[in-house]
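K.L.:
The chain contents come next:
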Amino acid sequence: MAHTIASPPRAGAADTSRVKGGRRGRVTDSESALAWIFLLPSVVYIIALVAVPFFLAIAFSLSDVTAGDPSYDWAGLAAFRRAFADPVFWRSLWNTLIFTGISMALIIVLGKVLANILVADFRGKWVVRFLVLLPWTTPVALSTVSWLWLLDSIYSPIDWLLRNAGVIQGNMYWLGQPKLAMASVIAVHVWRLTPLAAVIMMAGLLAVPQDINEAARVDGAGFWRRMFEVTIPLTLPVIGVAGLFGAILTFTDMTVVYVLTRGGPTNSTQVLASWAFIRGIEGGDVAQGAAIALFLFPLLLAAAVLILRAVRRMEIT
Amino acid sequence: MADRGWLQDLTSQQRSRRDFLLAAGLLSAGGVLASCSSEPGAGGSPAGTATGTSGAPEESFTTPTRNLSGDLKILLWSHFVPAHDQWFDPFVKQWGDRVGVNVTVDHVNNAEIPARIAAEIQAGQGHDLIQYIATLSQFEPSVLDLKDVTDEANKRWGQQIPLAQKSSQNPATGKYYAYAPGWVPDPGDYRKSLWEPVGFPNGPSTWDELLQGGAEIKTSRGVQMGLGMSQEIDSNMAGRALLWSFGGAIQNEQEQVVVNSPETIAAVEFMTRLFQQTMTNEVFSWNAASNNQGLIAGKLSYILNSISAYRTAQVASPDVAGDVYFVPALKGPKTALAAQHVMYNWIVPSFATNADAAKEFLLHYTENFASATYHSQLYDFPAWDKLVPQLDGWLANDPFGSKPSDKLAFLSKARDWSTNIGHPGPSNTAIGEVFGTFVIPNMFARAARGQQTPQQTVGQAEKEIKNIFDKWRSRGLVGG
Chain B
1 MAHTIASPPR AGAADTSRVK GGRRGRVTDS ESALAWIFLL PSVVYIIALV
51 AVPFFLAIAF SLSDVTAGDP SYDWAGLAAF RRAFADPVFW RSLWNTLIFT
101 GISMALIIVL GKVLANILVA DFRGKWVVRF LVLLPWTTPV ALSTVSWLWL
151 LDSIYSPIDW LLRNAGVIQG NMYWLGQPKL AMASVIAVHV WRLTPLAAVI
201 MMAGLLAVPQ DINEAARVDG AGFWRRMFEV TIPLTLPVIG VAGLFGAILT
251 FTDMTVVYVL TRGGPTNSTQ VLASWAFIRG IEGGDVAQGA AIALFLFPLL
301 LAAAVLILRA VRRMEIT
Chain H
1 MADRGWLQDL TSQQRSRRDF LLAAGLLSAG GVLASCSSEP GAGGSPAGTA
51 TGTSGAPEES FTTPTRNLSG DLKILLWSHF VPAHDQWFDP FVKQWGDRVG
101 VNVTVDHVNN AEIPARIAAE IQAGQGHDLI QYIATLSQFE PSVLDLKDVT
151 DEANKRWGQQ IPLAQKSSQN PATGKYYAYA PGWVPDPGDY RKSLWEPVGF
201 PNGPSTWDEL LQGGAEIKTS RGVQMGLGMS QEIDSNMAGR ALLWSFGGAI
251 QNEQEQVVVN SPETIAAVEF MTRLFQQTMT NEVFSWNAAS NNQGLIAGKL
301 SYILNSISAY RTAQVASPDV AGDVYFVPAL KGPKTALAAQ HVMYNWIVPS
351 FATNADAAKE FLLHYTENFA SATYHSQLYD FPAWDKLVPQ LDGWLANDPF
401 GSKPSDKLAF LSKARDWSTN IGHPGPSNTA IGEVFGTFVI PNMFARAARG
451 QQTPQQTVGQ AEKEIKNIFD KWRSRGLVGG
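For the protein sequence lines, the chains are B and H, in the order given. Residue numbering for the first sequence follows our numbering, beginning at 1 and increasing consecutively. Residue numbering for the second sequence follows our numbering, beginning at 1 and increasing consecutively.
FYI, nobody ran anything at the bench for these hints, they're computed from the structure. You can trust all of the hints, since none of them are fake.
Coverage of chain B stretches by chain H, computed from C-beta distances (three or more under 8 Å per stretch; other residues unrestricted):
id, segment
1, 62 to 68
2, 280 to 286
BS3-like cross-link-like pairs, simulated, lysine-lysine; straight-line CA separation at most 27 Å:
id, chain 1, residue 1, chain 2, residue 2
3, H, 403, H, 192
4, H, 299, B, 179
5, H, 218, B, 179
6, H, 386, H, 407
According to the in silico footprint, chain B covers these stretches of chain H (three or more CB under 8 Å from chain B):
id, segment
7, 226 to 238
8, 288 to 298
9, 439 to 451
On a predicted model such as this, the values are computed, not experimentally measured, just so you know. Virtual Cβ for every residue (Gly too), placed ideally from N, Cα, C.
Chain B on its own, in the form it takes in the complex (with noise of 0.2 Å):
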């Protein structure tokens, strides 16, 4: 049996443990070491994952760099004047900015009628909870090939229930015709961003001093007046969260576009993502696709800096 017999401490080893203590109590003492090493792996995360693919992306669109051809030579702008000379461009670009715009005008007003129906107590509040979280969990790719199915041309169980309803006659064809594929886009992301605004605005609600409702409401203020006068002020920023998150998420996408409609019919579903994915990608043409991606930066910049904003309006307040 093998035995461990402890040395007995030499001289001084004290001493340095004594000094190796002692450095480290002062990096746990020291507030700003400790707040850059709890920041130390979100800022390698960000500059992995955000800064060096986007200051790639600035290099990429100011080069000939092909999908097939990876060696950078300068090229200039020539990759954003092909992208600008291109229309299928602009729809995109137009296409991303009404999409996000609508979906975010849906989002909030569906967001905030969940939240409210979510804070009321009724039995099964959670199960009801869990239920209108799925949509939010569920990977973005899995839900938007059951709405392909969903939307599809021949076996779709809407139509099928629209049919015996005796409201249409044949099928619909909602990823067929440019309004209607653009409608269904637009109630995808509506339907899987809605749960993500509810929950937001179900904390601010909870966090809405109960005494100030009842108080407008001894003072006679009914249901709608206190939903406008006293709710909503005072959850606007938890609001404007919600919905700038929501902007976001669908004005990054391209998998509800790609999945439902690779962007047709001719184009008219063409958002600014996946229009750099099959330029950039699929077309070989690297350097477009860049200039193209470029483009989601502005508005993702002016969101965040209304994220942060609205974060800072809430610690005043």
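We have chain B already, so just place chain H on it with the hints.
P.N.:
Okay, now just chain H, sitting in the frame of chain B:
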């Protein structure tokens, strides 16, 4: 000893009893599995047809000219006919064991392959050998020249068919950016029970007959036709077939853009009439599987597709399969041509660490292409006629259960009416981008939907195509 003997007897009896129960269980399970596999669909083979290796050609092996070792990583699509992959994977493994190469095979959905290749090229590492189902001309600067493999194949099996050669070599640089050992024809698939009553028992033979018969079927039976005008591969093929048959083309033999012509405008005008009289808006929303699904569901009177839709119907819906018949490329005012449905392109990226093994495997695979044709249930056609001498016999008497058995016999002449996507020029890099960004289906769709006049839509397509050609020409990858 006696006790031990008794114990041994007992245990052997117990073992026997256990073995008997086990064997009985296995037999029952085997019986259940066998009965399942004989059900349509379970085995992926049409009921009552050749399965497994019965009737399959014998495979051969030629000793490689160089010593091989190390690893070989292969990436290829998940074949539309699953039986092909069931044959391919052990086939590669056996070759690897024989020549001393450790082979890894990855199958992915075909739509993911171009993005995967782009990512591997950017990373400078990945698979040694990659296969795709369309031309990979856009990757020319980052792949090895496979002229040596093609020359060796030409030496062994005669001249490669022009369709495959034009889909793997860039005449502007002389480089074989890919090796193309096989392809797949793209005939018309029609429902006989619908076309017979309208006076076309053998299906349409011209585009005019397609319009006439398709319109009558839609009016009298309420069943539409399906030529896609969407952002997917089958729509790309259908649009090109109509364009060429009317005498139009994207480029000429010298790789100059010639799309804006009276012939192209006439083709667009015809497609508009065809859509209005025979189709519905669904054709603008299709993905690559949609026309197959429509045919199998019995909802379409005519589609353009390979025989894979029919093979699926043989298993999933035998009644529909019995009613599906085929026609070659339809005649237009100028000619009768169809694009290849699939063109196999194998590339060896410049970063490949075992190019020798990749090239030797390509020759071994080509040597056994008859097996690829057989196990793909006559889906894959060879790029060298000598490779599959049995092909005409198989087509005349389908070993996979066609009724009548000569239903696919017309495909023995498929080479005569098939061409590459760059026809009459090569499938160059610019043609690849025009294909990948769906310029041609959108050109037809804008007019069919009434968004633009035929002249306007052709003008817009010309502008888009010229921009793409100018860009690649400035890099020396396109001639003209």
